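Undergrad: Residues per chain, in single letters:
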Amino acid sequence: MTTQLQFDEKQRKAITQCSRCGFCRAVCPIFDLTKRPITNARGKMILMKEVIEGKLPVTEGVAQALLRCTTCMNCTVTCPSGADPQEVIKAARKDMVGMGFDNLFKKMGEVVEKYGNIYGEEERHDWGHKRAGARYVLFVGCVGTYREEESVQESIRLLDLLKVDFTMIDEVCCSGVMEDVGYKIKEDLARQNVRELQKTGAKTLITTCPYCYRVFKEHPSYKTLGLEVKHITQFLKDLDFGVKTNKKVTYHDPCDLGRHAGIYDEPREIIRKIAPNFLEPRRTRENAMCCGSGGGLRGSFPEDSIEISRNRLSQIIEETGAEILLTECPSCLHNFRNAKLRKQKIEIYNITEFIGQLHQERQKDGAA
Amino acid sequence: MNIEGYEFPEGLYYDKNHFWARVEGDLVVMGMSDYAQKMAGSIVYVGLPPEGKKLVQGKNFTKIESGKWLGKVFAVVSGELAAVNEELEKKAKLINEDCYGKGWLFKIKPDNLDELKNLMTDPAVIQEWLKAEIAEHGKK
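Line by line, the protein sequences give chains Z and P.
Per the working numbering, numbering of the first sequence is gapless, rising by one per residue and ending at 368.
Per the working numbering, numbering of the second sequence is gapless, rising by one per residue and ending at 1140.
Hint data in this document are derived by calculation from the structure and do not stem from the laboratory.
All of these numbers come straight from a predicted model, not from anything done at the bench.
Warning: the hint list may mix true and false statements.
Each pair of labels, with its calculated beta carbon distance range [said to hold, decoys possible]: (1) THR16(Z) to ASN1017(P): 54 to 62 Å; (2) LYS163(Z) to TRP1129(P): 47 to 55 Å; (3) HIS125(Z) to ASN1112(P): 28 to 36 Å; (4) GLU110(Z) to LYS1063(P): 44 to 52 Å; (5) GLU1128(P) to GLU87(Z): 51 to 59 Å; (6) LEU279(Z) to GLU1128(P): 54 to 62 Å; (7) GLU1051(P) to ASN277(Z): 28 to 36 Å; (8) LYS13(Z) to ASN1017(P): 54 to 62 Å; (9) ALA1135(P) to LYS49(Z): 50 to 58 Å; (10) ALA1132(P) to PHE23(Z): 26 to 34 Å; (11) LYS1091(P) to ASP265(Z): 36 to 44 Å.
Okay, the calculated bits of chain Z under chain P, using three or more residues with CB under 8 Å as the criterion [as the list claims (entries may be wrong)]: (12) 231-244; (13) 301-314.
Glycine residues also receive a C-beta, built at the ideal position from the N, C-alpha and C atoms.
Construct the complete structure from the given sequences, taking the supplied hints into account.
TA: Structure (structure tokens):
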């Protein structure tokens, strides 16, 4: 067991790179909520500097402070010194697990291993979409499957309506999230996913979850996959949907899709096809505020996570006056739906789910 | 009455989905049992549907969620949703703090109060049922 943060040269450099200017305070969702200096990137960088210089011991308090980060990267894109605090924070979390501060997510690791999903759900909905020889394979991830099932169902219905030749597998958690909370990816689960995905013979993997997209695309455990990996917005952007809405529509950039994966234009190309009254929030694209669900925050501090989502939702409503909020991330969708107050009349959907609903409405109008 | 550490006040009706009911004027108030709230852990969200929604006894009509658990809420009687506990919107943990009081969930205008006969009121029956539930699902 280690007794100190084992930062490498790059991470130590990142800590000294931080000029303590505090620009990150304006964009940090945790600081926005707590107003406590220790909770934003600047505070955490100072904390880690003190630790590596031996001025401060690693305590449960330090561990808890470093867990309060959604890894949204808004501080990274804002930092005038070019530091990437979330990478340093994730490295520190790994070291803290090595030092024995592992009580919070150890259980989640065990659950993922035992049940193949982050929630410990024993029964998995069978989408019934197993087709031999399909060109595409669709992967929906844990949050969609176990928390936003109706949304996934609509996305599947849309792909069927668009006559997309796709299949699905008995998927298990991509388990990339373990890397964000101080642990390692579950290699057995990664191998199982790779095996099942390859067995389909599909050429392209489509993910609805931007986090799964990143893991399949970037993590070494999936490097043997041999399939082209696309987020569903990249796949759908060139298609025509044949439906439109006149409602005022806005879009929230998920951190995993935007800042982490650089996918900003594709969702907008889709939305412009179906919603002429599309309005951007003021804080948008790389400056979009986080919904509060990432980096393990929803699991470790669920009340804070939902409160952050409530703040972001209020911002969006205030800035756009939109009737419909679209996103394309099951975690953002789930957090926003949990956060929405009854007095807020805005409706919240994943893009694919919303297009599926527009199709349904058109069918009903046609039948009437 | 206390059953293996869980409070089950007498005079309430209990269903086998772990919800309680009590008559208040011409409405039926419902909430979550002490066993259920303890098993769920810290509750962070309850779906609060619009008033007027039609409910059917034993059918689920909304969701309830703790940090790592998602459950369904089942109607204790058939009828129309008359009121929701709006305090829960920002403070769902009231269910953990006071599940038979401030943490109530919904008020229903019942179609037929006779449906309460389908629920458990006899302490001996409740005790036997809960012990079987504990044997199957454990304790927290």
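Undergrad: With reference to the structure, classify each hint as holding or not holding.
TA: Do the hints match the structure? See the list:
no.	hint	verdict
1	THR16(Z) to ASN1017(P): 54 to 62 Å	57 Å, holds
2	LYS163(Z) to TRP1129(P): 47 to 55 Å	51 Å, holds
3	HIS125(Z) to ASN1112(P): 28 to 36 Å	34 Å, holds
4	GLU110(Z) to LYS1063(P): 44 to 52 Å	25 Å, violated
5	GLU1128(P) to GLU87(Z): 51 to 59 Å	56 Å, holds
6	LEU279(Z) to GLU1128(P): 54 to 62 Å	59 Å, holds
7	GLU1051(P) to ASN277(Z): 28 to 36 Å	30 Å, holds
8	LYS13(Z) to ASN1017(P): 54 to 62 Å	57 Å, holds
9	ALA1135(P) to LYS49(Z): 50 to 58 Å	54 Å, holds
10	ALA1132(P) to PHE23(Z): 26 to 34 Å	59 Å, violated
11	LYS1091(P) to ASP265(Z): 36 to 44 Å	40 Å, holds
12	231-244	violated (count 0)
13	301-314	holds (count 3)
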